[in-house]
Every structure is written in C-alpha cells, then in structure tokens.
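As they're listed, the protein sequences go chains Y and W.
Per our numbering: the first sequence = residues 1 to 248.
Per our numbering: the second sequence = residues 1 to 480.
No lab work stands behind these hints, which were simulated from the structure alone.
Warning: the hint list may mix true and false statements.
Straight-line Cα separation of at most 20 angstroms, EDC-like style, residue types lysine to aspartate or glutamate; simulated pairs [said to hold, decoys possible]:
id: 1; chain 1: W; residue 1: LYS263; chain 2: W; residue 2: GLU337
id: 2; chain 1: Y; residue 1: LYS188; chain 2: W; residue 2: ASP317
id: 3; chain 1: Y; residue 1: LYS188; chain 2: W; residue 2: GLU298
Now the in silico label distances, taken between C-beta atoms and shown as ranges [stated by the list, open to error]:
id: 4; chain 1: Y; residue 1: LYS166; chain 2: W; residue 2: GLU105; range: 47 to 55 angstroms
id: 5; chain 1: Y; residue 1: VAL165; chain 2: W; residue 2: LEU288; range: 31 to 39 angstroms
id: 6; chain 1: W; residue 1: GLU34; chain 2: Y; residue 2: GLY23; range: 42 to 50 angstroms
id: 7; chain 1: Y; residue 1: LYS177; chain 2: W; residue 2: PRO230; range: 34 to 42 angstroms
id: 8; chain 1: Y; residue 1: GLU181; chain 2: W; residue 2: ALA352; range: 26 to 34 angstroms
id: 9; chain 1: W; residue 1: PRO230; chain 2: Y; residue 2: LYS188; range: 24 to 32 angstroms
id: 10; chain 1: W; residue 1: GLU302; chain 2: Y; residue 2: LYS211; range: 32 to 40 angstroms
id: 11; chain 1: Y; residue 1: GLN205; chain 2: W; residue 2: GLU302; range: 28 to 36 angstroms
id: 12; chain 1: Y; residue 1: ASP27; chain 2: W; residue 2: GLY47; range: 55 to 63 angstroms
Residues of chain Y placed beyond 10 angstroms of chain W at every Cβ, according to the derived structure [unchecked claim]:
id: 13; residue: GLY108
id: 14; residue: ASN137
id: 15; residue: GLY178
Here a beta-carbon is modelled for each residue, glycine too, at the ideal position from N, C-alpha and C.
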Amino acid sequence: MKIAVCVNHVPDTATKIKVGPDGKKIDTIGVTYIVNPYDEYAIEEGLKLKEKISGTVYVIGLGGDSHKESLKKALAMGADEGILLKTDQDFDSVTVAKLLAEEIKSLGCEVVFTGKQSIDFDNSATGQMISEFLGFNCVSNVVSLTIENGSLEAEREIEGGREVVKTTFPAVITAQKGINEPRYASLKGIMAAKKKVITEKSVAQSTSKTKSLGLRLPAPKNPGRILGSDAEAIKELVKLLREEAKVI
Amino acid sequence: MKVLRNSDEFPDYLKDASNFRGKCDLLLLPVHEEEIEGAMKLASGEGMPLTISGNGTGLTGARVPEGGAVLNLGLIPKKMEFNEELGIVTLSAGLPLQTLLQAAEEKGFYFPPDPTEKLCACGGIVATNASGAKSFSYGAVRSFVESLDLVLTDGTAFSLRRGEFIARGNRFDMLPFNQKRALDFTPLHMPAVKNASGYYLKEGMDLIDLFIGSEGTLALTKNITFRLLPKPAGVLSCLAHFSEEEGALDFIDQARFLTGEKKPRALEYFDQGALRLLKSDFPFSDDLAGAAVWFEFETGQEPPDLLIEIILSMFSDCGGKGEIIMAASPGERKALEQMRHSAAYKVNEYIASRGVRKLGTDTAVPAERFREYYIESRNLVRSAGLEYVIYGHFGNSHIHLNMLPENQTHFEAGKEIYSELCQNAVRAGGTVSAEHGIGKIKKDYLKMMYGEGGIRAMREVKKAFDPDFRLGRGNIFDPE
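Same shape as in the complex, but just chain W (with noise of 0.2 angstroms):
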C-alpha cells in the first residue's frame, strides 16, 4: 500500500469536477484488494475520519475530504468479468465506467447508465446512483446493481446480494455481517421523481439499496455486480430544433407518452444558449433556433415507418425549425452523444476558468408540474441578469440549469437564486438532486426536502454502520 502524508503530493485528491475542495492529511491507495480492509483500519486505527475517492468527476465535494484521510482504489488491479450466459459482470470498483461501456458492447451488451463523465470509477456511479440519458426508459443505476462486496469503517468485509435481506416494514432483522443485530429505521417520503437525494430508506426495502447512493457514508464498496442489457439491434438517434423553446418543451411532453416500442429512450433538451456553446464543436448545432431535443428510440435494424412519421407529425405540430437530423452510422450517433454530454464539460470548464464553483441545478419534479417549473425557474435567473444555459434530461423532467457567475458577486447572487430553485422543486413535489447526489454542498437543500426528521432517520441508519461518524464526513448530512 502507498500512504502519503504531505498533502503538496497529492492535490488532485482535494478537490473534484465542481471546483470544490478541500484538505487532508493522509492518502491511502492500496495496489492489491487485500490491502483495502487493512487500509481502512489504518484510518480507524488514526482516529481518522475516512473519504473514499473515485476518479474525482463528481459535481458535490462528496470525494472531497474536510480533513482526515483519503482511500483510492485506483492503484488496484482492476477486474471485469463477464457472465455472458446470466448476463451480468462483476467488476472492481475502482474500474472506469468507459471500460466497462467499452467491454459490454463488444460482447453484445448494453449496460445503459452514462453519466456525462465515462471516467467515473464504477464504485463512483453506484455510491451516487448515477444515471444519465437513458434513465428515462431505464432508471437509474440501481436498476442494474445485482450484488455489492462492501468494507464498513472498522474493516469488516462482507457480500450483499440483490434479493438477499429485504426489510420486515421497517426493520431488518438482521445485518450481513451480524446475525443477531436488527436495524430499525424510519421511511423518508421520497418524492415519485428521479432521485439521488439522501439515503434510499422504504418501508419493505431491499438492504442493497441502503448502500447504492449513500455516497460513500455507509461503507466502501470494493466489488461490483452490474445486470446488463442484451444491446439493441438498432439505435434512431436524432436531433430536432425548435423556433421557440415552447415547442421543444410541447414535443417532449407528447413523446413522453409514447409507448411500448415507441417509447423513447432518451429525451434531452438544449436551450438556445447551450446550442450558442456547443455550435462551435458541432456545426449542425442551430443556434438560431429557440431550443432543440435529442431524443433516442431502440428500434430493429431499420426504424419503423410508422414511428418516424409520428416523430414528423409532432414535429410539425410542434413548431420544428429545419429538418430534423438523423445519425446514420454508429460515428454520427457518437457525435450526437458527445454534443449532449459537451454541454456539460463546456459548463465545467467555464466554472474552472472562472475559479468558481458550479450553480448547476440538478432538480427534478413531477411531468406535470415541470413546464411550470422551468418557465419559473428560467425567469427568476433572468431577470437576475446572469448568464445562464439550460439543457437536461427533460424526459425525466430533470433540469440541469446552470449560471455562468463571471466572479464572486455573480455567485454569491447566483447562490440565492440556486437555492430558491431548490425550494420551488421541493414545492412542487420533486427533488434537490435527481443525479449528482448531495455531497457536501447540497446538504441545506436536502434538508428542504426531507426536514430535520428525516435528517435524523438517515443519521440513525449511519450510526448502525459507522458509530463514529468517520466514513464520508460531511456528506449528505453533518454529524450531531
């Protein structure tokens, strides 16, 4: 194992894609498995608080230490094997997301998960449960999480499998790892919107899904077992613009309610100033027009007539601009991707230019409260006088909003307007946080969600893993 304890050698380790950072006294990258459980008592033994770091791209502080020490798992050899007849792979946590994408698909798999950042550790995407485009049709990753091997703080190592410990109500009457100990806890209300706020705590819950979006709080995953998708035969991936943002927001909510083969995979919106941001690096990118949708339907080798003249007549009853373009080669469906996910490294490198960090809103609310939510929330940014691009998984009715504060001033007034747009999404029914997780900058907002009571049922659950409070300090929650 390599420990570091000037913290000048490692300062990739104090900060991540948000631009938010922190300090740290000790890093721990063990470079076989073996070592992990060891390098987590180390911490323990310290009387260290513990955050376990992936590849540092998550958009919430929540690898980002406030002091104690760090665990990487990069140094590991990473693992990945398939069982092509079940249909599921077991990897290392430490293994990249690109890698696992990559190996699937040549294997004929589809594993449809993909956040904007492919260099996310595999261990990152389960301890947010991230999600992505494709959540729309798929869910998020706990959809596709069939088994975990777990170290809690003190070095216990233990197995949980999907199906495996499912909650009696509110109790499970026995832990993995202890028999004889039953953990009672207290449901949250958890809104009926894609979500990555807080623990996952539902009366008659699996244990396994305690763990997926825990951010790393509970305890450090080291293996994973993902379920995989047969890959489809054929991909209709297409990009339609709109003269006014009103009828791109009017096309997504009449193909929302497309269904059974017609149901879209993916739904995402561009405002007006993310097709300015992305023109440059992808010419077909109308910026003349209001807003555009990129939208993906699974289909056999060939799109079906029928499907692709539903798709023209509500693009003409929607006030298309143009035609609406179509990738037809895998290449041309990659560069359809890339534009979505570079409106997001685009915001990410303006806020690190800037040298502030990201006021980018990852709400989402309720589909028929979400035309309401968005107008709302577009004019309160405006009308503040900052710069702003919107783009997201409207599908989902999920808005990444993100101001582009030129200073500090900008920010702090940015700030305000950030977490009214927190409250408006909890108004109406939704979310603080449906895919980045909370971390430690959105902690006020969760407590806007789920108030100090349900503060407390998640703290309980901690306490039962992690007495003392030392794994992922800071995250989620603070300690009493």
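Bound-form chain Y, shown alone (with noise of 0.2 angstroms):
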C-alpha cells in the first residue's frame, strides 16, 4: 500500500513569538524549527501500518529548503521517500490541501495520515480538505485506530468524551496526541536517510483565498506580584484572590 504522510515544518513550542517588520510574518531570526508535533503522530501511524501490511511511506512537505529538514527527521525514523513542493509563497489551508491533494493523487496513496492541526496558524483543516479534493474518506482528530481487512476503526476525541468511528480506504486520518508514542530516529536510521531522496518539486501557480492581514502579538500579561514569603502571605493570598480576582 502507498503511505501518505503530510509533514509541516513549524517553529519549536519553546519559541518565543515575535512579529517580523512587515507585521506579517513572524520574525524568524534565532528560531528553531521542528516537525510539527501532531505530523509526529501521523508519522509513526503511518510506519506502524507500513510494518503491518507493508507499502511504501511517503512523507511530503511543502515550503522553503528548511522545510527538508523535517523530511530528514521523517526518513530517520523509518519513511521511505521524501517529496519537497517546494515554494517561498504562504498559501492559506485550502491551497495547502489542494496542492498536497495533487501530489498525493500523482503518486496513487490509498491512505494520508496528518497531524490534526499544526501548531503554527492553528487552522485544524488542511487534512480534511486534501479529503475533499481527494474524494476520501476523513475521520479526523484521531486517538485510536485499528485497521483490519480493510477497514478502519478509529477512535476520536470529541467534547467530553470519545466517538468510534469505522470507514474504508482510501482515507485521510488526522492524529490527535495519545494515538500513539512516535519513535525516535535512530542513528542508523539516520544513516539510512542520507541515503532516501528528497524529491524536490516546484508548485503549480496558486493563489490563497484568504489574505492574511497582519499578525498581533497577545496583550502582556500582567507581572506577577510577590506578597512575601512567610505564612503572613497566606492571609493576604486569600484576600487578593477573594477580592481582587474574585476566584474563590
């Protein structure tokens, strides 16, 4: 079976956020990127079904050259072929999915594992989307998946509790935290890598149908206040958060 995994390149959680100069993009100087946590999931999903009914893993980015270093780290822990659509452009989720839809469609996967948000704009729809210009089947937001004959059952995180879910190929699952523990590479993996191919390969001309109008950094939050150090404080605590924040 053709694997699909889409993987994001997104600035490191640690990351201390701070807006570039045309206040439209994030000021990347000294920032560290990593794989997008939730691709982490859809990673390891996608080599645990590769090792179950064997297939090929193809992890497909798309963005700058950086971009290539989460490939890397993707062919270190296991995934067979690397494809770069390579672009300097940022495209909203919708032209995101439509280009990773085509790529995914040219090389005949049945299934695409994506994280189920990246943690950079947040938007939580790229996954579904590629389904819908795929015409396959979506269960996002997934903790738990079985896959047996054929058919699919996962499990997914809803309010306040779980939905089971059961569907067929081809389909698009996107991985929610707890699906599983994604491996770390190791250092023969990281051999290995060096020598998988990263196929680089440039967009089609695309336009985004949202226009990002600039990006605004979260009001300071107030310092915090230190009331003492003793049990003298308690008393005090217990007022301010009594009176002031009106918590208890």
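Given two chains presented individually in distinct reference frames, assemble the corresponding complex, making use of the accompanying hints.
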C-alpha cells in the first residue's frame, strides 16, 4: 500500500514569537524549527501501518528549503521517500490542501496521515480539505486506530468523550495526541536517511483564497506580585484571591 | 533586612534535598546587596555561628544549620550582566542556575556545568564546585569562575579575580583584604579524578580556587563572574541500550578514549534498576536491557558520517540492544537529558517518602580501576539484600550508587556499606565526593581520604579567614 504522510515544519514550541518588520510574518531570526508535533503522530501511524501490511511511506512537505529538515527526520524514523513541494510563498489551508492532494493523487496513495493541526497557524483544516479534494473518507482528531481487513476503526476525541467511527480506504486520518508514542529516529536511521531521496517539485501557480492582513501578539500579561515568603503572606493571598481576582 | 527568630516560621531553611535536618535561632534575609555585610556582622555581634544557605538543593546538609543563624540571599534583587565581547557574565550569587542557563542560551552562549537541580543558586554551585554530565569534557564549575565578590564573617568585603593571587609554592605572600598578611598552607594530595572533597590546596595554586568548593566555610559569595563558551552548532545526543551491563561499560571505555572532534562531552550510565525506575515517564527507556548509556557529542550542523560509523561499530562490538535512539529536535534532546536528571529526582522522592536520609555514593576512582570498583560496589549492595539503582557520570569514572532503604534498619545496614564503598574508592586512589561536596554528612569519609593531617591542613587555612569557626560550622570538618 502507498501511504502518504503530510509533514509541516514549524517553530519549536518553546519559541518566543516576535512579529517581523512587515507585520505579516514572524521574525524567524534565532527560531528553531521542528516537525509539527501532531505530524509526528501521523508519521508514527504511517510507519506502523507499513510494518503491519507492508508498503511505502511517502512524507510530503510544502515550503522552503528548510522544510527538508523535517522530511529528513521522518526518513530517519523509517519513512521511505520524501517529497518537497517547494515554494517560498505562504498559502492558506485550502491552497495547501489542494497542492498536497494533487501530489498524493499523482503518487497513487490510498491512505493519508496528517496531524490534526499545525501548531503554527492552528487552522485544523488541511487534512479534511485534502480528503475533499481527493474524494477520500476522512476521520479527524483520531486518538486510536485499528486497521483490519481493509476496514478502519477509529476513536475520535470529542467534547467530553470519544466517538468510535468505522470507515474504509481510501481515507485521510488526522492524528491527535495519544494515538501513539512516536519513535525516536535511530542513529542507523540517520545514516540510512542520507541515502534516501527527497524529491523537490515546484508547485503550480496558486493564489490563496484568504489573505493575512497582519499578525498581532497578545497583550502582555500583568507582572506577578510577590506577597511574601512566610505564613503571613497566605492571609493576604486569600484576601486578594477573594476580593481582587474573585476566584474563590 | 528581614529577621526571623522563630524557627517554626522557616522550616524550609532547616533541611536540604538529602532530607538532612537541623535547627537554628535566627534567619537573616537581606533585601538589598548592601545589607549582606550588615547581616554578617549582626550574626557575629550576637556571637552566633552562621550558615550560608542557597536554595536547599544540596545533598550533604551543608546549608542546614546546627544552631546559630542562617543567611539566605533569596530576597535580594538578582542581577545578571553579560559582557558578550569578553564572553563572561557577572551575576548575584542568589540567582538560580536555570535563569543563567536560559539567558546564556538565548544569547548564543553555553555554560557547561549542569547539576541535576537547576534551581540551585549560582553561589551554591561555586560553594560545592558542582559539575554534572558535561564535566567529562569541560570539568567542574571551577573551570568557569573568573572572579568572586566575597564577604568574611566579620563583614569584610573583597573581590578576587582569577590570576590575581597566585601562591609562591605553599605561601600566599598577601591576602586580598590584608596586604600585610601572608598565608602559609600545607598542600593536600588531591586525587587525580573529578573531586569536590574538602579544600583545594595545591602548590602554586590560585587563591580563588580555595574559595571554590569551600562549602560556605571561608566566606560568603556575593557576586560571581563566570566564563562562558560559544554555543556549539549542533549536538548529537543519543541513548544506547545494552543487553548486559558489561557491554555498556565496554562502550564507555571505548568512547572515553575518543579524542579531538570525536571526543564525547557526556557519557552517562543507567543500570537496569534506573531504567525500570524511569520507564513510566520515559517510554523509550528499555527496562529489559542490562544497562544503557546516554551520550552527547558536539558537532557541526550535522553529525559527521565518520563519527556515526564509529559509534555504530562500538555499539555493535559491545552487545548493543535494539537501535541507538537519537534526539532529532531540541525537545527530544531535552527529554534525553531530562531522563538522566529524573533518575536523581526519583531517588530523592523515594528517600523523602520513606523518611530516611539519602544513601547515594558520589565516589570517583581513576579510569583504570573503575570497572573493578563498579562490580565490587554493586556486589556489596546486592549481597546485603538492599534495593539499589546505579547511574552516574561514568565518563569521569564517577558513580552514583543509590541504596533504597525501606526503613531505618535498612538505612543503618546501608550506611555501613556506604562507608565501605568510600573506603574502597580511597584505596583505589579516588575520592569520596566528586561533585556533591562533604557538607555535614560525609566528614568521616573525608578523614579516610586525607587523614588527620589533611584535615588539620584545612583547619589551619580556615583559621586565617574565620578564626572563631563561625562560618558554615560543621561543614567539611569539625572545629577542634
């Protein structure tokens, strides 16, 4: 089976985000990028499926040269081939989904794994949109997946509980934390990844349907107050929690 | 300055992370740097012994008072000034190490000492000459101290820069606070291993080295200037499991002798007990393995192929189990590092929950004697029927063998073994404490190492700075 995993390359969760000079993009100086954490679950799920029923895992990224770093990590974890849809443009979710869907279609993949969202722009839309472009079934926010005899049974995280869903291939699965424990790359995997191919492809001329007008940082939090370091401070703390913060 | 006289109000200042407990009559909390000298004089004026207290993360009772007064710098506003051109940082002794590490990283610098507890005060890491995993490549805190602002027990303040006061043989012709006074000392036969036991006393030494590792017995450290290194472009951080512990020891032996660009900066060991302890928090810890090694190499952006090939070949030669896992992101690197530090946290938690004191070795021996020492130590504890976990900075031949006594009877049995393990380390030409210090709980072991003569030499030096033995009383050695 041909298995596609869509992988985004995003700022490390520990990054202190600053808005760049144009007010529309973040300032990338000093920012460390990582594989989108939800996509790591998608990679792991793709690798598990390959190990179970055999096949080829294609990891597909869309972005600049630096995105190869995340693809390399996926290859070191055990994916077979990398594809970078190369562009320096920023697209909205629907355009990203369309470009990824076209590539997945040309590869002939029957199943697509991706994270439930990218932690940079948090649209939580690309996976579902890919399924729409491809005409695939889609189960989102999946925390548990069992595949038997061509049938997929998934548990989805929903408000206050879980929903159990059954579907068939071809399908898009968007992964939520808890679906698996992503493996670490191995040292041997790193060596092997060096011999694996990352094919760069240029993307078709595309225009986003929505346009970002600008980025704004949240208002800074009020500084904390130290009330003291001994028992006396507790009385004052209780008083302030009751009268000022009104939380007790 | 905040002055508290009822010890019921400050129980946290009467213990440390080893669960060693003490008592005192007075807590002094200066709120401005200028009040420190006054606080020292106040304790002196009342004729009280004075214990300097950091953040309470130590493991030897050095910050725990046995009566008298305690002085803590926690309420003083913390300063931290980087001189990026010179690659140095000057900071308040009360500043937590964590704050320094974060700020240094953000500025593209690297401060290698990394003791498990990052909330320790920077003054504390100087007082104990702390180290951590990276000491294999970089040495302990001592290597990074450029200058100290110090205050003597009578309130006399002075600064000391590295290179400023060098002994002529066994004599300092003058002291920074009194140019007419000389100091003669007897050097110690310090072991040629990583060492944090007792004073640093060596022919031709730098006076600043006497204060580093003096465990709050000579002077209070007010401010510190540390030397920083540039942050490496890349770090290869891996965890390798081995079917047998012998394999892990073989791997460390081979890796220890890699040199130049292929020299590892950390070589850390976990025995099966430690892997079991860590399994629930770190699923990649394989508790069916005999042992594991966490190692780090500084590399360029990408680890060189040759280095990877060497590591893989050593892994295969030494009976590696499964695959060597590699951190491929800063978060994963942190997780591997965290795994190592969690081993110590978990042991400390266990000890606190049982209400007994920590029984963990901090011994180091010369590399050529290490394997024999390791096996002998493990067998001793095993044959006594005590539960234990072993981890440590095995690159430095430095072992933390932690006995896990379930009750006071086990603790007493463990204490005897502990003493034997210290004796064996000394016999092998090693040290009884490689990084935690002596404090109040390892004084007897220090005597094993240096004998009465060595203790006398240290006591004589202390007299020159603290004639009434007021400062850090009960640390390292007892007053005569």
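Hints and how they fare:
1. W:LYS263 / W:GLU337: Judged against 20 angstroms, a Cα distance of about 18 angstroms means the pair holds.
2. Y:LYS188 / W:ASP317: With a Cα-Cα distance of about 15 angstroms, the restraint between Y:LYS188 and W:ASP317 holds, given a limit of 20 angstroms.
3. Y:LYS188 / W:GLU298: holds (18 angstroms)
4. Y:LYS166 / W:GLU105: 47 to 55 angstroms: For W:GLU105 against Y:LYS166, whose Cβ atoms are near 48 angstroms apart, the range 47 to 55 angstroms holds.
5. Y:VAL165 / W:LEU288: 31 to 39 angstroms: Holds - the Cβ-Cβ distance for Y:VAL165 and W:LEU288, about 36 angstroms, lies within 31 to 39 angstroms.
6. W:GLU34 / Y:GLY23: 42 to 50 angstroms: holds (45 angstroms)
7. Y:LYS177 / W:PRO230: 34 to 42 angstroms: For W:PRO230 against Y:LYS177, whose Cβ atoms are near 36 angstroms apart, the range 34 to 42 angstroms holds.
8. Y:GLU181 / W:ALA352: 26 to 34 angstroms: At roughly 29 angstroms between Cβ atoms, W:ALA352 and Y:GLU181 fall inside 26 to 34 angstroms, so the hint holds.
9. W:PRO230 / Y:LYS188: 24 to 32 angstroms: Holds - the Cβ-Cβ distance for W:PRO230 and Y:LYS188, about 31 angstroms, lies within 24 to 32 angstroms.
10. W:GLU302 / Y:LYS211: 32 to 40 angstroms: holds (37 angstroms)
11. Y:GLN205 / W:GLU302: 28 to 36 angstroms: holds (34 angstroms)
12. Y:ASP27 / W:GLY47: 55 to 63 angstroms: holds (59 angstroms)
13. GLY108: Y:GLY108 clear of chain W: closest Cβ-Cβ about 29 angstroms, beyond 10 angstroms.
14. ASN137: Y:ASN137 clear of chain W: closest Cβ-Cβ about 31 angstroms, beyond 10 angstroms.
15. GLY178: holds (13 angstroms)
In this structure, every one of the numbered hints holds.
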